[in-house]
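Asks: Following the hints, put chain F in place on chain Z, whose structure we already have.
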Amino acid sequence: MSDSNSSFISNQVSNPPPGQVSGSTDASQRQQSYNNANRDEAILSIRSLYKSYYDASILQDINLDINSGDFLVLVGPSGCGKSTLLSCIGGLTDVTSGEIYCKGKDISQLDPAKRDIAMVFQSYALFPNMTVAQNIGFGLEVRKVPAAKRTKKIQQVAEILHLEPLLDRTPAQLSGGQRQRVAMGRALVRDPTLFLFDEPLSNLDAKLRLTMRTEIKHLHQRLGGTMVYVTHDQVEAMTLASKIVVLNQGVIQQFGTPDEVYKRPANTFVAEFMGSPAMNLMQAKVLVEAGDLKIQIQREDEPPIIFSEPAATDALRAFANRSVIVGLRPESISDLPARDPQRSHSVDCRIDYLEGIGSDVYATLKIAGGDVVSRLHGDSSVRAGDRQQLHFDLSNISYFDPSSQLRI
Amino acid sequence: MHSTIKRPRYLSYLLYSSLILLAFFVLAPVAWLLLMSLSSPTDLTKVPLQWIPSQWDFSRYAQLLDGHNGSGERFLAAMLNSLIIATSATVIALFAGVLAAYAFSRRNASMLLMFAFLATIMMPPVTYILPLYSAFSDLGILNTKVALIICYCAMLIPFAIWLMKTNIDVLPEEIEQAAMIEGAGTLYTLRKVVLPIILPAIGATAMLSFLTAWDEFFYALIFSSDLSAKTIPVAIADFSAGRVTDFGVIASVGVLASLPPVIVALFFQRFIVSGLVGGSVKG
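First to last, the protein sequences are chains Z and F. According to the numbering used here, the first sequence holds residues 1 to 408 in order. According to the numbering used here, the second sequence holds residues 1 to 283 in order.
No false leads were slipped in.
Below, computed lysine to aspartate or glutamate pairings styled on DMTMM-like, alpha-carbon distance capped at 20 angstroms: (1) Z/Lys114 - F/Glu174; (2) Z/Lys366 - Z/Glu300; (3) F/Lys192 - Z/Asp168; (4) Z/Lys366 - Z/Asp352; (5) Z/Lys153 - Z/Asp168; (6) Z/Lys243 - Z/Glu272; (7) Z/Lys153 - Z/Asp116; (8) Z/Lys153 - Z/Glu164; (9) F/Lys192 - Z/Glu141.
No lab work stands behind these hints, which were simulated from the structure alone. Small disclaimer: the values here were computed from a predicted structure and weren't measured.
Same shape as in the complex, but just chain Z (with noise of 0.2 angstroms):
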């Protein structure tokens, strides 16, 4: 996108009035399915949740139901909120108003200590006093626990975590990752209703981050367990996810499974926040011709990219004659041809630089004014300035309202 266009775009999706966000279809469902039933049914379910800090407003209208063995993924960027929420369903963070329920009983105003959820800290919070399998044992020495029992259970946490060796050391003797995985010891070990995860790995270096992340990812798989975990990184949240949240100035933005918020993102800020590189917002025009819907696209000194929309829905035909926004991801813009040809649409299209990540060339373009990026095959022996057919998938093509940016 052009830098006017995104500003303009950012400026729409800043304050997205609440209830519309995830669309107006996705808003009907919404209504219905936060009913009481789901509410019992449900580990952990918000209804209505606001903060705010004097005047500035934190979380508003905060809604989710999540069940058990769930792992949801609150994402968005810095200052989102997303922490805050995490803080208030740990009981750390008073809420202005909403309810949190869990197993159908409301905790918004329990003490953090009787809500039953274990968390795991940003920067590790360890006791440093302590050694790793008091620190583990925290809890259960709080809960008394008699000792044996205590023991035990420290040492069938420590097995599955690999920290026997280290249980007689203190935090202070431990690397970053060895104070992690201790940090997620003691939650574990005493198996509560919830777990809550804050940003758990942005303290580790790149391939550390990796092996936490497969571990976490494993460990729930295996232990089951219900989890609440705050990300900014989006490919933490979509490979970690079973159902993310996508916040952006305290209004969920979207909240589904990992592969609904990035092949249907419900607005151009999820479009833009997930997947990396981001997804293309291309300005476009909806044509109708002989009954057809076609989409065409602009683009300077090069004739306008065209193709037929035969999949289009009642709402895409509203916009007949008025621009809309195209979204394609990298990945549908491509060398190879599309997987569904009934879908592909070649063009030819002047490369203006590279960037070659090994695995795949990031092909930057210009198309209606904006840069748009186009994943070529890593053995691409395309260079900048040259031109290129690229095929254009579009079975997983997204269209945005220019004026509310929500999908259409």
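Replies: Chain F in isolation, oriented as in the chain Z frame:
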């Protein structure tokens, strides 16, 4: 650890001579006190002064540590009073100070209240003497240890709160939050998590509080009149107030009176090591 940084030679000379000068300033009075306490009265009154005693005289120490004669009895009673009063005041001040500091630091207790506490120790003690005297008199606790313990607590608590608060403020709050999430109440968290971490600060506060209470003279002078409450600074003053002043005795009392604070300092020094928080959170 040995420093490997090279510095110019003249700088080293300057540093060491400053150090020697400082050591002389600090140690000379103590050395002179010790010499005085061991010199015979004739050496002390000789003109010109006999710096190094012609003979070592330990008789005053024997006299002071013997509870069966007048000065020994006075001295030992004052020592005991001072120990009881300073220790009680320190323990109470620390207990109240830590709890109050936690309230100010973590439970949003009003800062106005804390500044009000601190303001009380900004006032010269003499302003409190009259109201305190009449209050203690009405309560019938004039010339008791309790009166002095109350006075010293009033002096020490604001100071202890302030010191402990600055130390709790810098602790990462997540450690306490982790304890609470794990199910611990405030007192449990304080006892098992916060206190062990701020032990060095508690040690330092205890030491400073004890010294302040041990050395206090003004309140002790006004509120005590006999051996039941007199503290060591008042006792020293008494020794010099007689018709014939034996400087040797005063010096001996001084030496003995400074021993408990020195022992306290040596004991607490072990706690005053930094870096205890290391490893709890990513630094």
